[in-house]
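Participant: Each chain is listed here by its residues.
2 protein chains.
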Amino acid sequence: MKIKNPRTGQYYYEIFPPTFEELKDKTNFMRESQEVWKELGIEHRIKALQAWKEVVNEHKEELIDALCMDTGRKWETILEVDLVASSIERWSNISRDFFSIIERKTSSIPFLEIEQGYEPYSLVGVISPWNFPLLLSLIDTIPALLAGCAVIVKPSEITPRFIEVLQKTINHIPDLLGILNYVEGGGETGADLCKLTDIVCFTGSTETGKKVYQAACDNFIPIFLELGGKDAVIVTETADIERATSAILWGSVANAGQSCLSIERIYVHRNVYHQFLSRLVGKANLLQLAYPTMDSGQIGPIISEKQVAIIDNQLDDAFKKGAVLKAGSKKCEELDGGFYCKATILTNVTHDMKLMNEETFGPILPVMIYNTTEQAIDFANNTQYGLSGAVFADTEEEAMKIARKLKCGAVSINDAALTAVMHEGEKNSFKMSGIGGTRMGPSALKRFMKQKAYLINSQKVNDPWWFG
Amino acid sequence: MKIKNPRTGQYYYEIFPPTFEELKDKTNFMRESQEVWKELGIEHRIKALQAWKEVVNEHKEELIDALCMDTGRKWETILEVDLVASSIERWSNISRDFFSIIERKTSSIPFLEIEQGYEPYSLVGVISPWNFPLLLSLIDTIPALLAGCAVIVKPSEITPRFIEVLQKTINHIPDLLGILNYVEGGGETGADLCKLTDIVCFTGSTETGKKVYQAACDNFIPIFLELGGKDAVIVTETADIERATSAILWGSVANAGQSCLSIERIYVHRNVYHQFLSRLVGKANLLQLAYPTMDSGQIGPIISEKQVAIIDNQLDDAFKKGAVLKAGSKKCEELDGGFYCKATILTNVTHDMKLMNEETFGPILPVMIYNTTEQAIDFANNTQYGLSGAVFADTEEEAMKIARKLKCGAVSINDAALTAVMHEGEKNSFKMSGIGGTRMGPSALKRFMKQKAYLINSQKVNDPWWFG
Numbered sequence: 007m008k009i010k011n012p013r014t015g016q017y018y019y020e021i022f023p024p025t026f027e028e029l030k031d032k033t034n035f036m037r038e039s040q041e042v043w044k045e046l047g048i049e050h051r052i053k054a055l056q057a058w059k060e061v062v063n064e065h066k067e068e069l070i071d072a073l074c075m076d077t078g079r080k081w082e083t084i085l086e087v088d089l090v091a092s093s094i095e096r097w098s099n100i101s102r103d104f105f106s107i108i109e110r111k112t113s114s115i116p117f118l119e120i121e122q123g124y125e126p127y128s129l130v131g132v133i134s135p136w137n138f139p140l141l142l143s144l145i146d147t148i149p150a151l152l153a154g155c156a157v158i159v160k161p162s163e164i165t166p167r168f169i170e171v172l173q174k175t176i177n178h179i180p181d182l183l184g185i186l187n188y189v190e191g192g193g194e195t196g197a198d199l200c201k202l203t204d205i206v207c208f209t210g211s212t213e214t215g216k217k218v219y220q221a222a223c224d225n226f227i228p229i230f231l232e233l234g235g236k237d238a239v240i241v242t243e244t245a246d247i248e249r250a251t252s253a254i255l256w257g258s259v260a261n262a263g264q265s266c267l268s269i270e271r272i273y274v275h276r277n278v279y280h281q282f283l284s285r286l287v288g289k290a291n292l293l294q295l296a297y298p299t300m301d302s303g304q305i306g307p308i309i310s311e312k313q314v315a316i317i318d319n320q321l322d323d324a325f326k327k328g329a330v331l332k333a334g335s336k337k338c339e340e341l342d343g344g345f346y347c348k349a350t351i352l353t354n355v356t357h358d359m360k361l362m363n364e365e366t367f368g369p370i371l372p373v374m375i376y377n378t379t380e381q382a383i384d385f386a387n388n389t390q391y392g393l394s395g396a397v398f399a400d401t402e403e404e405a406m407k408i409a410r411k412l413k414c415g416a417v418s419i420n421d422a423a424l425t426a427v428m429h430e431g432e433k434n435s436f437k438m439s440g441i442g443g444t445r446m447g448p449s450a451l452k453r454f455m456k457q458k459a460y461l462i463n464s465q466k467v468n469d470p471w472w473f474g
Numbered sequence: 007m008k009i010k011n012p013r014t015g016q017y018y019y020e021i022f023p024p025t026f027e028e029l030k031d032k033t034n035f036m037r038e039s040q041e042v043w044k045e046l047g048i049e050h051r052i053k054a055l056q057a058w059k060e061v062v063n064e065h066k067e068e069l070i071d072a073l074c075m076d077t078g079r080k081w082e083t084i085l086e087v088d089l090v091a092s093s094i095e096r097w098s099n100i101s102r103d104f105f106s107i108i109e110r111k112t113s114s115i116p117f118l119e120i121e122q123g124y125e126p127y128s129l130v131g132v133i134s135p136w137n138f139p140l141l142l143s144l145i146d147t148i149p150a151l152l153a154g155c156a157v158i159v160k161p162s163e164i165t166p167r168f169i170e171v172l173q174k175t176i177n178h179i180p181d182l183l184g185i186l187n188y189v190e191g192g193g194e195t196g197a198d199l200c201k202l203t204d205i206v207c208f209t210g211s212t213e214t215g216k217k218v219y220q221a222a223c224d225n226f227i228p229i230f231l232e233l234g235g236k237d238a239v240i241v242t243e244t245a246d247i248e249r250a251t252s253a254i255l256w257g258s259v260a261n262a263g264q265s266c267l268s269i270e271r272i273y274v275h276r277n278v279y280h281q282f283l284s285r286l287v288g289k290a291n292l293l294q295l296a297y298p299t300m301d302s303g304q305i306g307p308i309i310s311e312k313q314v315a316i317i318d319n320q321l322d323d324a325f326k327k328g329a330v331l332k333a334g335s336k337k338c339e340e341l342d343g344g345f346y347c348k349a350t351i352l353t354n355v356t357h358d359m360k361l362m363n364e365e366t367f368g369p370i371l372p373v374m375i376y377n378t379t380e381q382a383i384d385f386a387n388n389t390q391y392g393l394s395g396a397v398f399a400d401t402e403e404e405a406m407k408i409a410r411k412l413k414c415g416a417v418s419i420n421d422a423a424l425t426a427v428m429h430e431g432e433k434n435s436f437k438m439s440g441i442g443g444t445r446m447g448p449s450a451l452k453r454f455m456k457q458k459a460y461l462i463n464s465q466k467v468n469d470p471w472w473f474g
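So the sequences go chain by chain: A and B. The numbering used here applies: residue 7 is where the first sequence begins, and numbers increase by one. The numbering used here applies: residue 7 is where the second sequence begins, and numbers increase by one.
Hints were generated in silico from the structure; no laboratory data involved. These numbers were taken from a predicted model, which means no experiment stands behind them. Do not take every clue at face value.
One copy or two, it doesn't matter: identical chains are merged, so the pair holds either way.
Taking lysine-lysine pairs in the DSS-like style, the calculated list, with each CA pair at most 27 Å apart, reads [to be verified]:
#  : residue 1 : residue 2
1  : 327       : 217
2  : 407       : 336
3  : 216       : 30
4  : 413       : 44
5  : 327       : 312
6  : 452       : 413
7  : 466       : 411
8  : 217       : 201
9  : 411       : 111
10 : 312       : 8
11 : 452       : 312
12 : 30        : 332
So here's chain A without its partners, still in its complex pose (with noise of 0.2 Å):
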């Protein structure tokens, strides 16, 4: 399976996925050495993931040059890779105090008690997407490993350049031998890993994530599913038009628009619009295309070809339906093989337009009046995804109140895109945007143990409900 470079669009590396009877070798040996693993503790497999931590920051340089190659794009690839330090923080200190806790209590029936236990699933599949290659390999993965499952991790074929050098730190670590790992493959790998594991975990397109949950059923397991979205943004009249516009344009434009919870729509109220609109399009126009190097500008490459043609018919779409260009290109331009967009900025839109529907995955921000807050409401909520959102006013109850009515997951309260930086609140993903329980928050954890009831009769006599 041949790899391309999103910087020069040749070509240059391979990769070689398991056969599916290599792949249930391997998790057959997984499954087996989760049965010590579970055992081992939560304190033991704290310090099997903090020994890790210390080895992925030995090769930070080499992971971050791999990453740099699979996506092509810089300033983003260096917090990933300092994410994973504080994300084994987080979930290290979660899960001890979830584990501290043996819950015993008595119940509505005098004598009899219960202990509350917990059994972790034995072999989790996690499936990841490109857009962020080792954060999103990550985000399910070290919850899971911590409540003792093993762990099998397929992130994109589109970018697997990281995974040699990842499974290298992995190696390190005997504890993780046959606990983690990380495998090669496309689209059938994928379905495979559904076949062999216990439960997947699967972040990507809706039209993959409808495939998974086939999988997922045809297998009888449960799934949890990070899909999709196509957030909005509402700007009252009394925002703050500067704190609105830099956050807005941040939400939009970071990672080139590539990342589920990128701001794709903007409804702006028709009294601060004309404002709102010339400082945008001021603060787009100072951002620039990371080319020729990767230091050049804040906006790397469209990693995806297929995402490229997606952004390129959905701008076309536009503007044939009237739509008018404030800021950017009319679509992607191609430099030296790669495929770049920049921040740009659209007027005119309406509902009927894809790019107000679909998701675009780019650095694109359609900017639309509206007239009252319900209509701003109806607008935001009329569409197919639940994922995300944001308000800006100029108080956080006036922000609240239009908050309370998004139909999503998150909503950001003047600011924007505010998952990517806050992982405390737990969420689940609205409409076709996913399935399943929250991945963020202390509840995500629970997500990889089946609840266990001991139910104790402590009575030393027969009890009135059996038969006499």
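Given chain A, work out where chain B should sit, using these hints.
Facilitator: Relative to the frame of chain A, chain B by itself:
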């Protein structure tokens, strides 16, 4: 659709399933009503359910009569009706506690705070079975209503007579208009429900559960499945045999074994086997069929004719393979058109018998000897199911050591089938016994709400992670 009476085998009731269009109109109306119900707040919803409880109580005799005709049994029916009130009480308290806490916390980043929100699913579909027609139609319905959802319930077409009476009680409560509806119908209506609701709770066979999972997958909605079981009990050589035999007999024979958490496999240590068997047979022989009248004994009819065939087939298979009858009878007996099965004890059973692998759903007690604790645990775990189990030993500590190794969601300690009377423990169904979050304990309420995180930036100046 014509319905049989389980005591006579005669058709004398008819149900009229709604068309898809009728069901669609109904669910559309329910979705509108739910918008109001959700906003009423928890205290108002509790009051509405308390009012309903009173009306159910006023119609108690009528409800018991209908359920007795549905199931052909009496004492279990009275228990079912009595449990409505306590279930509403319990869930009211849990819900009040839940909604009284507004979770607001600071994050690890200065100026960023989180408020945890919850959004009820609009419309919950409940598809419930015939073995406890009232109880199992309400087990998910009551928490879902309190969470703020509308609920549409389709009980089994085998036991539909109580629906009309219950719907009459619902119609007395104006607040529940369009919020709670019971509909008649078979598999086709169940399939329609999966297309029209936002989440489905199904209780029934693993076979049908797989179909429901597929329907949920097609509609891209989450699901909770509570399916079959093949619960095992382990009786160690230190166990109190009087206590164990009484409890196990109850756990196997109550409701004529027509319970998912019925004990269906009994593993007894070699040293106490003869003593155990002799006491179990002695007690089993004291039990009577509830024939000719419902008050004649403890064991009512087998409710579903399809189940009669399954039980007879399993018994036949067991005897052909060498099982020995110690109490009860070689097959179900037909009495005045109804089918009954005595408390039936078999020895010389082996793990290649259907009786030891497939769900029986009858008052059949196969008893098998074990030699070591490891062997007993292997025997108990050697099944495709993982609903619950039980352990009897001298001390709780001894029993818990074994219980921790059982691969199932709830283990009764020195008692049997305690899940039937204790609702506080949180449990998942393992393996083919189900998919999805716990239906018992406080967490079960959260199944009916999407979690929503409000991520609040209370800072008054620009933040460092935005573009400059």
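Participant: Next, verify each hint and record whether it holds.
Facilitator: Here's how the hints hold up against the structure:
1. 327 <-> 217: neither (32 Å within a copy, 44 Å between copies)
2. 407 <-> 336: So residue 407 and residue 336 fail the 27 Å test inside a copy (37 Å) and across (68 Å) alike.
3. 216 <-> 30: Both: 24 Å inside a copy, 24 Å across copies.
4. 413 <-> 44: between (38 Å within a copy, 14 Å between copies)
5. 327 <-> 312: within (23 Å within a copy, 61 Å between copies)
6. 452 <-> 413: both (25 Å within a copy, 17 Å between copies)
7. 466 <-> 411: Answer is between: at 24 Å across copies they meet the 27 Å cutoff, but 55 Å inside does not.
8. 217 <-> 201: both (13 Å within a copy, 18 Å between copies)
9. 411 <-> 111: Between. Shortest inter-copy distance 21 Å satisfies the 27 Å Cα cut-off; intra-copy 38 Å does not.
10. 312 <-> 8: within (15 Å within a copy, 56 Å between copies)
11. 452 <-> 312: For residue 452 and residue 312, the Cα distance exceeds 27 Å both inside one copy (36 Å) and across copies (39 Å).
12. 30 <-> 332: neither (54 Å within a copy, 45 Å between copies)
When each numbered hint is compared with the structure, violations occur for hints 1, 2, 11, 12.
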